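Engineer: This is what each chain is made of:
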Amino acid sequence: MSDRAGITRRGLFRGIGTAGLLAGCKPSERPPTTTDDPGAAASPGEETAVGPGPAPLSFTLNGEAKTLEVAPNITLLAALREQLRFTGTKVVCDRGACGACTVLIDGVPRNSCMTLAHDVAGAAVTTVEGLASGGKLSVLQQAFVRNDALQCGFCTSGMLMSCQGLLERTRGQKLAREDVEAAIAGNLCRCGTYPNVVAAVLEAAGGSA
Amino acid sequence: MQPFVLSRPKTLAEAGDLARAQPQDSALRAGGIDLIDRMKEGLEAPARLIELRWLGESEAVMRALGPDGEGLQIGALVTLAQLAGHEGLGEAYAALRQAAGSAATPTIRNAATLGGNLLQRPRCWYFRHADLVCLKKGGSACLAVSGENKYHAILGGGPSFIVHPSTLACALTALDAQVVIRGTEARTLPIAELFVTPKQDAKREHALQPGEVLVRAILPKPGAEQRSGYAAVKEKQSHDWPLAEAAVKMSLQSGVMTDVRVVLGHVAPIPWRSREAEAALEGKPASEALFAEAAKAALAEARPLRDNAYKIPLAQGLLREVLHRVAGVPLPE
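Chains as they are written, first to last, in UniProt numbering: chain A, 1 to 209; chain B, 1 to 333.
Among the clues, some could well be false.
[To be verified] If you anchor each label on the Cβ, the simulated ranges turn out as follows:
1. A:T48 to B:T258: 30 to 40 angstroms
2. A:T48 to B:V145: 28 to 38 angstroms
3. B:T258 to A:G206: 14 to 24 angstroms
4. B:V145 to A:Q173: 51 to 61 angstroms
[Stated by the list, open to error] Derived coverage of chain B by chain A (criterion: at least 3 residues anywhere in the stretch with Cβ under 8 angstroms from a Cβ of chain A; other residues may be distant):
5. 3-12
6. 101-111
7. 235-247
[Unchecked claim] From the derived model, a few chain B residues whose C-beta atoms are all more than 10 angstroms from chain A:
8. G32
9. R53
10. L132
11. Q178
12. G183
13. R204
14. R275
15. A300
16. A309
17. V329
What the hints contain is simulated information worked out from the structure, not anything from laboratory work.
Bear in mind the structure is a predicted one, so any value in this text is a computation, not a measurement.
Think of the CB as a built atom: it goes at the ideal place given N, C-alpha and C, for glycine as much as any other residue.
Can you make the complete structure from the sequences, with help from the hints?
Structural biologist: If you want it as structure tokens, here you go:
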């Protein structure tokens, strides 16, 4: 559908959404665009300060170096989705309770909604977009497809990252059902796909060992 | 969240100076799980977050996890995931390992720290709702008294009826931990003195002053044949706060229990050490009948609110289970 029309659902909303939003903003409510904190330069000792306005941030996203200007009160989740347009990572509870926003930070699964963007300065972040390579789904993603490990799909990108974290830290080890269950205990799936997720991860672990 | 400045001091002295300069308008941040949650909910809007994760090598003690003399030290920045997987927490300190591994979710445990877990604010829904009155927010009443109080205190309550939210606190209290605090001076407290009851001050749960930083916890050298254990009951297996917790420590020699500690969690505004249960067990041979007696004694003073009387048999059963497990006495069918 989207190919034929030359337009995507997200692209359409993005176009009309921001224009409408900015039109409705009083100038004082617009996000600040400069760092004008005098304290940042005048800090004592070795202490450094960031913000409150947007400040430069560099990190690695799915193997690629990224530099952007982001304010300290922006979460990693918001920066990924709204600034870098990596929308594979989902917003659900935004309070660290559901796991839909799980990403790997230096290989460790973390809730990107409870992480500030500036927390990942210099770190390597992997999102669901980083799993496939060369247009080919990863072993884990293929196992998800084969085992019907998703239904509505909203938890899937986070679920995949928790499972990817497990596979990376247990590489070469034999996994038990309990290992997978423990690894996904922070990922809520309202469709109840858990048994199929467990089967998919066990298959992927067997296949890559 | 309102805009704020992230300050990244290299030393605890600088961190303390920054916090004292803006006592009402700054917050110390470690893992930030509870802090960011409170800021998103509009409960707090500090103008400055003072980041402890960026402290330099001179403050390596904040990240230490290992032997301290004949005991064990745990830096405030050690994550719950590190604790849950730490092999140095053998049978003597098992309660702490089990507690750390049961809290929150695996992804939260990868970020949440010892210090943040101990110093987090209560999870009472009246406290957590920005628009509702609460003694802890300077209000005139505790709505839990006459409101929905299924998850509130049955022991030590009043005038506020929160339950202490820290899972590590329960285990660390049973293990006789001490905490090291650094402000303009350093001080070391038995962990029980870190916690503030609502009768002492309804607005706070810990005794730290502005600019003071919790640096580390120290577990004393284990007693002879020391063993310990922890368990919690929750409505869900994961993603949930305990309804009740129990942590037990004892030295068990020839079946006789000495140096017994019994602590209940999520039943009171502080980790609830039951000296009644300890007295019932101390110096006696472990047995099913004695455990039942001790569990009864632990809850004898409970005063439930409208919706939480269920916590009495729940906590009794949980305590018995942990005592059986720690002492190696088979559970009755």
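Engineer: Given the hint of 28 to 38 angstroms, is the C-beta distance from T48 of chain A to V145 of chain B inside that range or not?
Structural biologist: Given a distance of about 47 angstroms, which is not inside 28 to 38 angstroms, the answer is violated.
Engineer: Just to be sure I understand the hint, the distance between the Cβ atoms of T48 of chain A and T258 of chain B should be within 30 to 40 angstroms; is that true here?
Structural biologist: Violated - the Cβ-Cβ distance for T48 of chain A and T258 of chain B, about 52 angstroms, lies outside 30 to 40 angstroms.
Engineer: CB of T258 of chain B to CB of G206 of chain A, is that within 14 to 24 angstroms?
Structural biologist: Since the Cβ atoms of T258 of chain B and G206 of chain A sit about 50 angstroms apart, the hinted range of 14 to 24 angstroms is violated.
Engineer: Could you check that no beta carbon of chain A comes within 10 angstroms of the beta carbon of Q178 of chain B?
Structural biologist: holds, 29 angstroms
Engineer: Minimum C-beta separation from L132 of chain B to chain A exceeding 10 angstroms: can you confirm that?
Structural biologist: Correct as stated: the minimum Cβ-Cβ distance to chain A is 18 angstroms, above 10 angstroms.
Engineer: Against chain A, does R53 of chain B hold up as non-interface, every C-beta pair farther apart than 10 angstroms?
Structural biologist: Its Cβ does come within 10 angstroms of chain A, the nearest being 8 angstroms, so this is violated.
Engineer: Taking 8 angstroms as the Cβ threshold, is the statement that the stretch 3-12 of chain B is covered by chain A upheld or broken by the three-residue rule?
Structural biologist: Since three or more residues must qualify, the claim that chain A covers the stretch 3-12 of chain B holds, with 9 doing so at under 8 angstroms.
Engineer: Holds or violated: is the Cβ of V329 of chain B farther than 10 angstroms from all Cβ atoms of chain A?
Structural biologist: Its Cβ never comes within 10 angstroms of chain A, the nearest being 26 angstroms, so this holds.
Engineer: If you count the residues of the stretch 235-247 of chain B with a beta-carbon closer than 8 angstroms to a beta-carbon of chain A, do you get 3 or more?
Structural biologist: Check passed, 3 qualifying residues.
Engineer: Can we confirm that no CB of chain A comes within 10 angstroms of the CB of A309 of chain B?
Structural biologist: Holds, since 28 angstroms exceeds 10 angstroms.
Engineer: Test the statement that G32 of chain B is away from the interface with chain A: the closest C-beta pair must be farther apart than 10 angstroms.
Structural biologist: Incorrect as stated: the minimum Cβ-Cβ distance to chain A is 7 angstroms, not above 10 angstroms.
Engineer: Looking only at beta-carbon atoms, does the pair V145 of chain B, Q173 of chain A fall within the given range of 51 to 61 angstroms?
Structural biologist: Check passed, 52 angstroms falls within 51 to 61 angstroms.
This entry does not satisfy hints 1, 2, 3, 8 and 9, going by the numbered hints stated previously.
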